[in-house]
Every structure is written in structure tokens, then in C-alpha cells.
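Residue numbers (the numbering used here), protein chains in the order written: chain V, 5 to 123; chain W, 658 to 883.
Derived by calculation from the structure, the hints in this document are not laboratory data. Please read all numbers here as calculations on a predicted model, not as lab measurements. Don't take each hint at face value.
Said to hold, decoys possible - Per label pair, the in silico range of CB-to-CB distance:
1. V:Pro68 - W:Val788: 42 to 52 Å
2. W:Ala683 - V:Leu9: 21 to 31 Å
3. V:Ser64 - W:Ile821: 36 to 46 Å
4. V:Val18 - W:Asp691: 50 to 60 Å
Think of the CB as a built atom: it goes at the ideal place given N, C-alpha and C, for glycine as much as any other residue.
The chain contents come next:
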Amino acid sequence: MSWFLVAGLAVALVSAFVVSRYASSQPDGLEKVAADNALDTGEQPHALDGAPFADYTARSVDDPGLATGLAGVVGVITTFAITLGLVWAASRASPRSSSRSSRRSTRCRSNRNRPAATT
Amino acid sequence: MHIPDGFLDAQSSIAAGVVAIGATAASLRQAGRDTLESRAPMTGLVAAFVFSAQMLNFPVAGGTSGHLMGGLLAAVLVGPWLGALALTTVLVVQSLLFADGGVSALGLNVINMAFVPAFAGYGLFWLARRVLPASRIGVMTATAFAAFTSVVLAAAAFTLEFAIGGNGAAPVSTVAAAMLGVHVLIGVGEALITTLTVGAVLASRPDLIHGARGIEKQAQLSAVQA
Chain V
5 MSWFLVAGLA VALVSAFVVS RYASSQPDGL EKVAADNALD TGEQPHALDG
55 APFADYTARS VDDPGLATGL AGVVGVITTF AITLGLVWAA SRASPRSSSR
105 SSRRSTRCRS NRNRPAATT
Chain W
658 MHIPDGFLDA QSSIAAGVVA IGATAASLRQ AGRDTLESRA PMTGLVAAFV
708 FSAQMLNFPV AGGTSGHLMG GLLAAVLVGP WLGALALTTV LVVQSLLFAD
758 GGVSALGLNV INMAFVPAFA GYGLFWLARR VLPASRIGVM TATAFAAFTS
808 VVLAAAAFTL EFAIGGNGAA PVSTVAAAML GVHVLIGVGE ALITTLTVGA
858 VLASRPDLIH GARGIEKQAQ LSAVQA
């Protein structure tokens, strides 16, 4: 898992930092349909429009490509960390079911075996 | 397909928010029941990858762009419950940190882009896998079909929400035709990116793919027989 995780995160970081500046800036499907059919008559500006990374742009950076790239890196790290933490915490918060305890013992066994198997 | 604030009326947005919170709570409970801590890094990676890919808008016809939605990809990789959780995190971060997708529309966006693709889309993937061979090609074909359909279903979900609580005056049939028309094209991009990604993971670590569990056994079986 570890090399795969590192490689996957590297792909996500590189595409967020480098490739994002070449993304199309045309309206997306919903925006286009909304503009064509006046679905946006009630649209309000986003409540967090002034946020430091609003619209995937680091406000404090002048170069537009770099501003987008940095916002992308912040987003990749944030989504990774929050999801990791959420799933980890949810799987730790143990409901007291019997299947859970039997699985836990298998997990402990496999954990005990793992260092021996990898070293 | 991120809905901004004010596209739908307050009642519909709040109702969607309640549904989305309930669905997220159920996913967390399910994750607590079924998930080993060792799945947490992979789920985090899926969220990070989808966030990154969603930044890469590709042009489609008529001055419009699309990007990967990623809900079906997430569900194939880590299963529908964890996949929906990963997408929910992405959507919340996009709304609160990047001002993409209205805060009041968060429930709508979570339903359309996390739960519809992760459950309806994954259901179609599961059905397709049952009729297709238990091979890499079978998994990739099911992935392509379900990824494409998941985008069309998300567009249909938006149209339904617009019909219930849209603030615009356009006829629902017009909105339906326009939404489905453009998202059929975006769905082709979704199918392409999703299938390439699943193909890459199949080639390197097939054991990490929730939706490919059958082919592992198949491969072991044929290895034993050989």
C-alpha cells in the first residue's frame, strides 16, 4: 500500500499543481445550461467569495498559474487528510458487535505477522 | 455540476441538506461497522485524486467544459459507502475552502455528485459485472458503462431538483433536454478517465480495487489449476 499511496498522491499533487493551469476555463455543463435558460436568476454570490483560496486561486500570489497550482496542492492535502481522519476515526469508533470483535482479532493477528513478512 | 447558492429555493435546499446529512451519517456508521483502519489511506487517496481531477476541466462541444465527477470511480475503488464519504469530503472542501458550489446547495451537490454516482452508479456497475466475464476487461467495461451513466443520472437528479424547487422560469422539459444533452458528452469524458484510472490500478494493485474482488479469486483459481 505504501508505495502505491506515495505514487497516487504524487499523481494527484502534480496534476493539481502543474496540469490545473491548462484546464479549460469555459463554463461547465450546468453553468452553460443555467446561462442559456436563465436558471441563474436567483443566483447569489458565494458566501465565501473572499476566502484566501476562493475560485481555486491563492489570493496572495500574482502569477495566475502558480496561484491555481498552490490552491490545488492545498486542496489535495486537505481532502486527503480529512478523509483519512474521518474514515480512520469511524472505523475506530467500535460498535460492540460480535463480528467486529472477531474481525479485530484477525486484524491483530495479521498485524503481528506483517513485520515478520516484510522484513 | 456544482450548484451555486440561489438556483433552488430554500425549502428544497434545506430538505436536500437533511437528506445529505442522513446519508453521510449512515455512511459513517457503515464505515465504522465494516471498515478496517487500513482502508483509511486508500479512501483519502481516492478523495485527493478526485479533487485533483475535478480541477482539470476538459473542453466539450459548444464553448462548454466538463470535468471528472469521480463518484463512480471512488465507489469502484473503495466501495459505495467509503466512496460516497470521499466525495462528500471533496464537495465540502470545495464549497468551504474554494467557494465552488453554494454553501446552501451543499446538500443538493452531495446528493447529485456523491450519493447518486456512488450508489445508483455502483449498482449499475455491479449489475454489469454480473453479466460480463470476471476479468480485467469485464471490470473495465462495467466501469466505463457505469461511469458514463452516473453522469447522466446526476444530470437527471439536478433536473428533478429543478422541477421541484428551481428558481428559474424555464420549462422542465427544456432544462432536461439541455442538461442531458451536454452531460452525455461529459459522460464520455467521465467514462474515459474513470476507465483509464481503474485500468492503471488493475495493472498495478488489483487487490486494492473493491469492485474487482471477483477477478482476484478467478486469477488465483486459474493459477492453482495451471
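*So which of those numbered hints doesn't the model satisfy?*
Hint 4 contradicted; others consistent.
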